[in-house]
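Please work from the sequences and hints to get the whole structure.
Here are the chains, one letter per residue:
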Amino acid sequence: MIPIVVLTGFLGSGKTTLLGRLLRHPDFARTAVIINEFGEVGLDHDLVAVSEESFIELKTGCLCCAARGDLALTLEDLLRRRAAGTVSPFERVAIETSGLADPAPILHALMREGGLAAPLALCGVVATVDAVNGLATLERYPESVKQVAVADRLILTKTDLGQTQPGDLSACLAALNPTAIRLEASFGNVDPARLFDMGLPASLRARDVPTWLGSDVHTHASFKNHPAHLSCFTILRAVPLKAVTLTLFLEALAEHCGGDLLRLKGIVNIAESPDRPAVIHGVQHVFHPPAWLDRWPSADRRSRLVVIGRGIQQPWIEALIDAIEAEVAEVAAGA
Amino acid sequence: MSSELEVAVEALLAHSLDAWRVCANISREADGGLLIVAADKRVHIARAPPNLPFRWAVADAERTRGASSVTGVLRHVRAALDPNHRSVRLRIEPLPPASS
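Same order as they appear, the protein sequences are chains L and V.
Each residue of the first sequence is one higher than the one before, counting from 1 in the numbering used here.
Each residue of the second sequence is one higher than the one before, counting from 336 in the numbering used here.
In case anyone wonders, no lab produced these hints; they're calculated from the structure.
Be careful, since some hints might not be right.
[What the hints assert, rightly or not] Which residues of chain V face chain L? A partial, calculated answer using Cβ under 10 Å:
{"id": "1", "residue": "S338"}
{"id": "2", "residue": "E341"}
{"id": "3", "residue": "A343"}
{"id": "4", "residue": "L347"}
{"id": "5", "residue": "L348"}
{"id": "6", "residue": "H350"}
{"id": "7", "residue": "S351"}
{"id": "8", "residue": "D353"}
{"id": "9", "residue": "W355"}
{"id": "10", "residue": "V357"}
{"id": "11", "residue": "I361"}
{"id": "12", "residue": "L409"}
{"id": "13", "residue": "R410"}
{"id": "14", "residue": "P418"}
{"id": "15", "residue": "H420"}
{"id": "16", "residue": "L425"}
[What the hints assert, rightly or not] One-sided excerpt, in silico: chain V residues whose CB lies under 10 Å from chain L:
{"id": "17", "residue": "L340"}
{"id": "18", "residue": "L387"}
{"id": "19", "residue": "R390"}
{"id": "20", "residue": "A394"}
{"id": "21", "residue": "S404"}
{"id": "22", "residue": "S422"}
{"id": "23", "residue": "V423"}
{"id": "24", "residue": "R424"}
[Stated by the list, open to error] Chain L stretches covered by chain V per the calculated footprint, using a threshold of three residues with CB under 8 Å from any CB of chain V:
{"id": "25", "segment": "72–79"}
{"id": "26", "segment": "90–97"}
Every residue, glycine too, gets a C-beta built ideally from N, C-alpha and C.
Below is the structure:
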């Protein structure tokens, strides 16, 4: 499987600088790059040193608005050229979004059946945040809030400029997305091993799951001053869930939250599979089937669901699961 | 209404009204059902009669709808009280096999 990493971040937050640095690292030489620039003249292409044949600039429009079909075609074309040997045998794909892009529709497109050619799979999202202007950007631009909220890794850039407000920004990022791992990039340098170790939901090993879920988060955080009203919280359930409970829960979640569900990821103790937990991952109403781990990553066998959304209330989610569980138990008891 | 399920359904409906920003009151009726009263709507939720192929009956002034699960109850209640909501169906999209 070839992992796809989405690199997002607001205008001027250092995405291209970061990408350029990463691609010079020997471990990331075999990376195909797709850059989505939204403007008359693309400049990013010139700023990223990468082999020409595995570099593609998508200038037909913003990926989150109108050009998602172009992305799928571009990925298919890359795979065809890889199979034909006309591009180097890349081992991963990095997609740099435009700075104004809402990442949710892009993730949505990458998860859809037919949206991706067979061996490609979304691996994770990296978002850059400007340490100097990031706080003001987050206060003014809803797109930047969503970019931060859906990320698996947050990269604080421009920390070398000396005019930063790391404390305030850090608190803001923690409120928006407490599960993402935060890293600092000075002059665009960041440890690549920490950046792309997110793992694929379908191929996660047990030991990778805590990292993928984002440390052991038991918190509820919200950013209610922002018009986007984003919140992130973790649902913990000690009692294993029946498979049908999980199905009904996800159906109801999609039905009632839809586009407000920016992301859900979790590890679930399924009653019918006590030794092999299920890993679930969804964006908006689109989910992948559960991936089954060979074993539990730790002695903690509680189900953990990380929910990132807009206006989604934790008590409602808890009450929904409680009610479905109670009904499934009643039906099982023959009532 | 006193079973664990019925208590859970009442709690779910109360949280749902809050989540949907619907101004309404929920109360338990003498027949054991739940009554939700909003500004211009009344919705009654009760166990379906045993001769029907449903577990629940959700009634408003216009009609009574059957529901086979609490998620169905939730769907009918929202349709009655929050008609502008556009529901979305869950889509499961397969991943390529890890070995490919």
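Okay, which hints does this one fail, numbers in order?
10, 11, 14, 18, 20, 25 and 26
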